[in-house]
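Given the coordinates of chain Y, work out where chain S should sit on it, guided by the hints.
Quick mapping for you: the protein sequence lines, in order, are chains Y and S.
Under my numbering, the first residue of the first sequence carries the number 1, and numbering increases by one thereafter.
Under my numbering, the first residue of the second sequence carries the number 319, and numbering increases by one thereafter.
No wet-lab data here; the hints were simulated from the structure.
The reader is advised that the hints may include incorrect statements.
In silico DSS-like pairs for lysine-lysine, Cα to Cα no more than 27 angstroms straight-line [stated by the list, open to error]:
#1 S:353 to Y:91
#2 S:437 to Y:109
#3 S:531 to Y:35
#4 S:427 to Y:35
#5 Y:213 to Y:297
#6 Y:35 to S:437
#7 Y:111 to S:607
#8 S:353 to Y:111
#9 S:429 to Y:35
#10 S:453 to S:409
#11 S:615 to S:353
#12 S:607 to Y:289
#13 S:429 to S:409
#14 Y:247 to Y:213
#15 Y:135 to Y:109
#16 S:615 to S:531
#17 S:353 to Y:119
#18 S:437 to S:453
#19 Y:35 to Y:289
Some residues of chain Y that are not near chain S, with every Cβ distance over 10 angstroms (derived) [as the list claims (entries may be wrong)]:
#20 12
#21 171
#22 213
#23 230
As the structure is a prediction and not an experimental result, all values here were calculated from the model.
Even for Gly, the Cβ is constructed at its ideal location relative to N, Cα and C.
There are 2 protein chains.
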Amino acid sequence: METIPVLNDIRQAHQRIGPFIHRTPVLTSELINQKANCSIFFKCENFQKVGAFKMRGAANAILSLPATKISGGVATHSSGNHAQALAKAAKSTGAPAHIVMPESAPEVKVKAVRDYGAKIYFCNSSLEAREQTLKSVLQETSATFIHPYDDYDVITGQATAALELIEEIETLDILIAPVGGGGLLSGTSLATSYLLPEAIIYGAEPSGADDAKRSLDLGMIHPSISPDTIADGLLTSLSERTFGIIKQHVRDIITVDDQEIMAALRLVWERLKIVIEPSAAVPLAAVFKRPELFSEKRIGLIISGGNVDLQSLQISGL
Amino acid sequence: METIPVLNDIRQAHQRIGPFIHRTPVLTSELINQKANCSIFFKCENFQKVGAFKMRGAANAILSLPATKISGGVATHSSGNHAQALAKAAKSTGAPAHIVMPESAPEVKVKAVRDYGAKIYFCNSSLEAREQTLKSVLQETSATFIHPYDDYDVITGQATAALELIEEIETLDILIAPVGGGGLLSGTSLATSYLLPEAIIYGAEPSGADDAKRSLDLGMIHPSISPDTIADGLLTSLSERTFGIIKQHVRDIITVDDQEIMAALRLVWERLKIVIEPSAAVPLAAVFKRPELFSEKRIGLIISGGNVDLQSLQISGL
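Same shape as in the complex, but just chain Y:
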């Protein structure tokens, strides 16, 4: 797909990926609502397959390929949720998967990707090395590259989370999602602009990786340079396609620091009784940070994922 997805594209994507994803629950907490003085509807993609919304985009991108290309397989470079999602979606749809990962990737993530049957190619962790390794994989195989977010089929897949949320809750004043590369936020923006044109859309971003905020303020993509935050799913830069959609639909991007992120994470763990990753706590931290924007409102909030390494997270130090 090479034009900005329309509502029908999102609906068709939802049909297409239906057998390969979970319809995730929408949870609420009386106590969090009281504390934040608003009504928050948490769309819980931590319960999605592979533990993150990324399964939606990966599945849609693979299933949107022509049959001949599906059998040729897919490839990407990623050390995070996109790698697992592409590997799992490829396995579900019968496509071979080739994943380039940095040697420094956590063993648990490497194992997950391998368990889904993907072929792993290690390289050093520089972007150049990853791109070079991917390039040679694409030359040696007939695999199609699936970018983690700069791809309208991926964006359309991510949009289905907001589609489900809006269909279920119907009346929402605001939608908010975290922003890293912008796949989830652009998809959320599209679905919201079609289904709830009056609703306001915010992005939420760690202040230690505030390239999307700077990009929106500047009107042009500001790359993510030396990001430093516990929200390790939100380190990447926006892309042409995601930024194009975001600058059209997103009112503002709210930044929060790691302490605010961990306080929100802890509240969700203790009150909703669900495990979410630090990146997924960023929007709730933003709601607490800017009460003047959110008070008394009905808010749809996308919980992006729940893949957290309990051993590395020093919970006792919260």
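Showing chain S alone in chain Y's frame:
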């Protein structure tokens, strides 16, 4: 109620408490099933109001009182989930609540009980002091004492968790629940014996608090003396009423050590993406401990609660 509850009592209790409780979800994990070589259906009472199954028994006990007694209020001594559940159920039903708590109770639990509007009476943490303080509260007020488990109305309320699980899943070979005072296990046993008379019922208990296992083996109540386990919801002794039911219906009680409990807890957090308390991980640890009992079986497992103090739990040391 002074005779062992029958099926109709459990059904009536379920109707009675319906407006005051959540119908909690039943979750599954492909990966946990593969690892354990069986099919486990997790009944997630961590999502129950106040974060634990105790809400069911507390609500049923209050609502089973005559109207005049409800207005006189209820009282108990507890520093755990029963205190919160009774306070919340009392608030929901308009009854005053009087809760005796040890001065050593964690501030977060005291605050929760106070936030539900209960009156708190502090005493030192010996059982004698708690009973003496409760006695004087009962003398000074017109409140009715609600025991945390030695009460057929409480047991009947706890039985509604298994009722919902069995109604939803229908075919189960085994049910398993943790055992402390035995309210949940006895209630689970009753519902199972009526609805799935062929199913086998197991209790699961920390080896550092194995009084229920000893009691079942001895055929008489063996008190819990100096229990020592991370599963702090399972420290208490069985009572006459709970033991009477358990010895009739429970095949065996499986004991697991704290390391096995924390490994099961971590698996649930990481794979089901839900926050459960150590006591709630005890049954899954038991499933892994005794594969000869559980392999290839369909197992209903009650997740008792999710009230965990993240600050005190040294997750990084798992």
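Tested hints:
The suggested pairing of residue 353 of chain S with residue 91 of chain Y holds, with an alpha-carbon distance near 20 angstroms, which does not exceed 27 angstroms. Distance restraint check for residue 437 of chain S and residue 109 of chain Y: the Cα-Cα separation of roughly 49 angstroms exceeds the 27 angstroms cut-off, and the hinted pair is therefore not satisfied. Between residue 531 of chain S and residue 35 of chain Y, the direct Cα distance comes to roughly 43 angstroms. Violation of the 27 angstroms bound is thereby established for this hinted pair. Simply put, residue 427 of chain S and residue 35 of chain Y have alpha-carbon atoms about 18 angstroms apart, close enough for the 27 angstroms limit, and the pair holds.
Between residue 213 of chain Y and residue 297 of chain Y the CA atoms are separated by roughly 23 angstroms; this keeps the pair inside 27 angstroms, and the hint holds. Only pairs whose Cα atoms come within 27 angstroms are accepted, and residue 35 of chain Y paired with residue 437 of chain S is accepted, the gap being roughly 23 angstroms. Only pairs whose Cα atoms come within 27 angstroms are accepted, and residue 111 of chain Y paired with residue 607 of chain S is accepted, the gap being roughly 25 angstroms. A C-alpha spacing of about 15 angstroms is found between residue 353 of chain S and residue 111 of chain Y, which places the hinted pair at or below 27 angstroms, so the restraint holds.
Note on residue 429 of chain S and residue 35 of chain Y: the hinted pairing holds, with a Cα-Cα distance of about 15 angstroms set against a maximum of 27 angstroms. A hinted pair counts as satisfied when its Cα atoms are at most 27 angstroms apart, and residue 453 of chain S with residue 409 of chain S qualifies at roughly 22 angstroms. In summary, the hint linking residue 615 of chain S to residue 353 of chain S is supported, as the alpha carbons are separated by about 13 angstroms, within the 27 angstroms threshold. Between residue 607 of chain S and residue 289 of chain Y the alpha-carbon distance is near 46 angstroms, which puts this suggested pair outside the 27 angstroms criterion.
Restraint check for residue 429 of chain S and residue 409 of chain S: the C-alpha separation of about 15 angstroms stays at or below 27 angstroms, so the hint holds. Taking the CA atoms of residue 247 of chain Y and residue 213 of chain Y, the gap is about 10 angstroms. The hint holds against a cut of 27 angstroms. For the given pair, residue 135 of chain Y sits about 22 angstroms from residue 109 of chain Y by alpha-carbon distance, which is consistent with the 27 angstroms threshold. At most 27 angstroms may separate the alpha-carbon atoms for a hinted pair to count; residue 615 of chain S and residue 531 of chain S meet this at roughly 23 angstroms.
Taking the CA atoms of residue 353 of chain S and residue 119 of chain Y, the gap is about 23 angstroms. The hint holds against a cut of 27 angstroms. Restraint check: the Cα-Cα separation between residue 437 of chain S and residue 453 of chain S comes to about 15 angstroms, which is no more than 27 angstroms; the hinted pair holds. In summary, the hint linking residue 35 of chain Y to residue 289 of chain Y is supported, as the alpha carbons are separated by about 12 angstroms, within the 27 angstroms threshold. No beta-carbon of chain S comes within 10 angstroms of the beta-carbon of residue 12 of chain Y; the shortest separation is about 27 angstroms.
The claim that residue 171 of chain Y is not at the interface with chain S holds, since no C-beta of that chain comes within 10 angstroms of its own (minimum 23 angstroms). Chain S leaves residue 213 of chain Y outside its interface by the beta-carbon criterion, the shortest separation being 29 angstroms against a cut-off of 10 angstroms. Every C-beta of chain S lies more than 10 angstroms from that of residue 230 of chain Y, the closest at about 14 angstroms, which supports listing it as non-interface.
The structure fails hints 2, 3, 12 (numbered hints given earlier, in ascending order).
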